[in-house]
Amino acid sequence: MMPTVSMFVANTLVHLSSIDVAIVAFYFALVLGIGFYLRGKSNTGEDFFMAGREMTAWVAGLSFLSANLGALELMGWAGSAYQYGILATHWYWIGAIPAMLFLALVMMPFYYISKTHSVPGYLKLRFGEDSRILSAVCFAFMTVLMSGVNMFAMAKVMQIVLGWDLNFSIWVSSLTVAIYVALGGLRSAIFNEVLQFFLIWAGALMIPVLGLYEAGGWANLKVEITQRASAQYVHLWSGLGHFSTNPMGIHWTGIVFGLGAVISMGYWTTDFLVVQRILAAKDLRSAEMAPIIGAGFKMLVPIIVILPGLLGLAVLPMHLTGEAQAAITGGHSYNDVLPLMLARYCGPGLLGLGVTALIAGFMSGMAGNVSAFTTVWTYDIYRPLINKTASDSHYVSMGRWTTIIGVLISVGTAYLVMQFASIMDYVQALFSFFIAPLFGTVILGMLWRRASKAGGFWGLLCGTASSVGMWTWVKLDPTALRYVALSPDAKGLAQDMYQALWSFLVCVVVTVVVSLASQPRPAAELNGLVYGMTEVPAVGNLPFYHKPLFWAGMVTAVFIVLNIIFW
Amino acid sequence: MISIWFFIGISLLVNGALILAAGIYELVNPPAHPAIVLFNLHANVWWGACLLLLGIVYSIKFAPKRHA
Chain G
-15 MMPTVSMFVA NTLVHLSSID VAIVAFYFAL VLGIGFYLRG KSNTGEDFFM AGREMTAWVA
45 GLSFLSANLG ALELMGWAGS AYQYGILATH WYWIGAIPAM LFLALVMMPF YYISKTHSVP
105 GYLKLRFGED SRILSAVCFA FMTVLMSGVN MFAMAKVMQI VLGWDLNFSI WVSSLTVAIY
165 VALGGLRSAI FNEVLQFFLI WAGALMIPVL GLYEAGGWAN LKVEITQRAS AQYVHLWSGL
225 GHFSTNPMGI HWTGIVFGLG AVISMGYWTT DFLVVQRILA AKDLRSAEMA PIIGAGFKML
285 VPIIVILPGL LGLAVLPMHL TGEAQAAITG GHSYNDVLPL MLARYCGPGL LGLGVTALIA
345 GFMSGMAGNV SAFTTVWTYD IYRPLINKTA SDSHYVSMGR WTTIIGVLIS VGTAYLVMQF
405 ASIMDYVQAL FSFFIAPLFG TVILGMLWRR ASKAGGFWGL LCGTASSVGM WTWVKLDPTA
465 LRYVALSPDA KGLAQDMYQA LWSFLVCVVV TVVVSLASQP RPAAELNGLV YGMTEVPAVG
525 NLPFYHKPLF WAGMVTAVFI VLNIIFW
Chain W
6 MISIWFFIGI SLLVNGALIL AAGIYELVNP PAHPAIVLFN LHANVWWGAC LLLLGIVYSI
66 KFAPKRHA
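Protein sequences, first through last, are from chains G and W.
Quick note on the working numbering: the first sequence kicks off at -15 and runs consecutively.
Quick note on the working numbering: the second sequence kicks off at 6 and runs consecutively.
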């Protein structure tokens, strides 16, 4: 009944049976079917680019979370958990939850009331055309390049895990995404992201369940990890008093201020890839509830990402190493831990679902990039700079073609990375340059009425330039890391944290100084854009358990308790 | 419009049925040397059944005519 299917290469991490292949094939058929079904329901700009602004809080919230829950993220953070222990959980808790709640309660009213189509669109309303164009061009350029880099990385994973040919993975996945996003627009991307959310949980949950059974429970797992690695691998905060007392080489100030206060705030509140999903909510209450629902589930994601990495430390017979060493020794790298655990516990059928979850994660991440790119290109670059007066149907047509062209540029980037591997590092660094300063610009724009057009533009430009400058400095002289990250013991991840913190501060200082030296905008122009100048509609006479503030409080309480339990 | 939850129900239903079928096949014809650890727990039988049941509930509850 179930002969092993040889997919191009015999020596792979896992082998799919015919049932597994059927599950993967069904996934492709279903997402294409959804795209064709939604084709006739995406005829206006509001439908195609904003999913008709009719998503419920649950759909918008799960899509918001899924857009970030890509396959590379799952495998990468499972590998980080194997390498650094439970410290990797910070990227899911303090590195996400406060920012999501801040987005819901503080920022979302301004995004939603202003009826903007995008984050650059908000900058246009608040700081003028220059800031919009700067952020739109940077975002569009980086998004489409990141999509290509992720495409190549995922094809590489599929080659290692399943033995699939690189060209096969790149073209099948990219054409599928191009078809269903071009047909159904943002609504199609959101539908598939919610589907992916369920597939990821259904496909990945067996690893921690069976892993904990094999390890003898959480208490025994901690003992085993302490013996094999160190006690600091199972503590979130107790080793962060000094750079040298934890596996990550980071200080708590970097985690709290760099990751929690700047990087995560920048990503979750201003990266249009995720914010676009919330803008599609049907009303303000749904838009506020969506990130709170996302935060609730985000707290659970370590169960299927971090826990498998920790279990790998305890139960896998082999020792995993970094990519470079694995390439020399022929062994497995940290990033292989999730597929290795999948192959350890999942037989026919379950293995197919696990692989489908990885493919779905990759494709929905790519769809997220492409749909965000399409909206920013059409509304924030093409319309203001190239064709201001076209009809709505023209912009929808432009959106469909941009989707296909965006995918083709991504494919081109993937092949470029295949030829010049170092491009991948540069593109990933590029993306981090922009997020922290953008957060500084947006948050000052929302909370400080005195911020002027010139202040916003120059703050964003100088913050981004400072980030590029610090990265270049460390690239040319690696010893400079001790200055950027404040310690000679600091490692790569610490650089990201502090680089973000400094570039955010540069952005804020420049924005404040330039704003105070330039003309403020008239108060009448700030209505709906700035705190104190905007009347936020009340959520209505609802019972307390329907109010966003109540659920934000519940999520906060659970977040605090979890950090204390795993201190 | 067909609800997103209906599509999810169909996905869970089909995947659950396939996984359950694979699990029952292995239960009836157990391999001499199982390739996975904890084979004796037959995870694909009970997890496939859970997904199948959840899929049936979603598919019926959010079926296009009923939901409309």
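Some hints here could point you the wrong way.
[Stated by the list, open to error] DSBU-like, lysine-lysine: derived pairs with alpha carbons at most 35 Å apart:
id	chain 1	residue 1	chain 2	residue 2
1	G	Lys25	G	Lys99
2	G	Lys25	G	Lys437
3	G	Lys25	W	Lys70
4	G	Lys531	W	Lys66
5	G	Lys459	G	Lys437
6	G	Lys266	G	Lys459
7	G	Lys459	G	Lys140
8	G	Lys531	G	Lys99
9	G	Lys99	W	Lys66
10	G	Lys459	W	Lys66
11	W	Lys70	G	Lys459
12	G	Lys206	W	Lys70
13	G	Lys437	G	Lys99
14	W	Lys70	G	Lys372
15	W	Lys66	G	Lys266
16	G	Lys459	G	Lys99
17	G	Lys25	G	Lys531
18	G	Lys266	G	Lys437
19	G	Lys99	G	Lys266
20	G	Lys266	G	Lys372
21	G	Lys140	G	Lys99
22	G	Lys25	G	Lys266
These are computed hints drawn from the structure, not numbers from a lab.
Are any of the numbered hints broken by this structure? If so, which, sorted upward?
Numbers 2, 6, 10, 11, 12, 14, 16 and 21, in rising order.
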